[in-house]
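Could you build all of it, start to finish, from the sequences and the hints given here?
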Amino acid sequence: MPKTGLTLAVVVLLGLGILVFFNRSTQTLHARLGGEAFVFDVANTNALRERGLSGRDRLGPGTGILFMFPKDDTYGFWMKDMRFPIDIIWLDSNYRVVDVKKDATPASYPEIFVPVVPARYVVEVGAGFFAEHDLGVGDTLEILR
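So the sequence shown is residues 1 to 145, counted in the working numbering.
Keep in mind that the hints are not guaranteed to be accurate.
Said to hold, decoys possible - Label-pair restraints from in silico Cβ distances:
#, residue 1, residue 2, range
1, Glu142, Gln27, 17 to 25 Å
2, Arg145, Arg83, 14 to 22 Å
3, Thr45, Glu132, 28 to 36 Å
To be verified - When the alpha-carbon atoms are kept at most 25 Å apart in a straight line, the in silico SDA-like pairs for lysine to any residue are as follows:
#, residue 1, residue 2
4, Lys71, Val98
5, Lys101, Ala131
6, Lys101, Pro118
7, Lys71, Leu144
8, Lys101, Leu48
9, Lys80, Pro106
10, Lys80, Gly35
11, Lys71, Gly128
12, Lys101, Trp78
13, Lys101, Gly138
14, Lys101, Arg49
15, Lys102, Leu135
16, Lys101, Gly62
17, Lys71, Ala107
18, Lys80, Ser108
19, Lys102, Arg56
20, Lys101, Ala37
21, Lys101, Gly126
22, Lys71, Asp57
23, Lys80, Val114
24, Lys102, Tyr75
25, Lys71, Arg32
26, Lys101, Asn46
27, Lys80, Leu144
28, Lys102, Arg145
These are computed hints drawn from the structure, not numbers from a lab. Here a beta-carbon is modelled for each residue, glycine too, at the ideal position from N, C-alpha and C.
Listed below in structure tokens is the structure:
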């Protein structure tokens with residue numbers, strides 16, 4: 001009888017652990033860039049930053065990912081395991097655009113794209129967004145509360 005109870009307890013705990021793991025919701029942030037409202041997935045841990053958009057098939061309209069770093073630096077990005085082109089936009093601590101890589105393609109891997117000045121945040125959106133919205137260095141990502 002004690003073995004059965006222990007086995008049941010282990011199975012229940014494993015099941016709960018799996019349930020919690022797969023039901024974790026991604027943190028999101030609402031913002032406006034180039035006059036368009038966005039819902040960004042937030043990548044604020046090493047694991048989330050390493051994964052980024054890798055493995056996804058596409059980005060829907062008004063979606064992207066916001067990488068948050070603890071300090072300003074020249075954070076490099078590559079297109080490993082990417083399936084679609086993107087614009088990579090580096091932002092300073094005030095969410096102002098400091099650099100951009102337009103139309104980064106999966107075929108560019110293993111090239112690493114690095115900003116010309118240190119940045120605190122990086123946004124990835126669908127390729128062509130930066131040009132279509134006539135954005136430039138100095139434009140700001142507006143965080144919506």
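(message) Of the numbered hints stated earlier in the document, which are not met by this structure?
(response) 2, 10, 11, 17, 22, 27, 28
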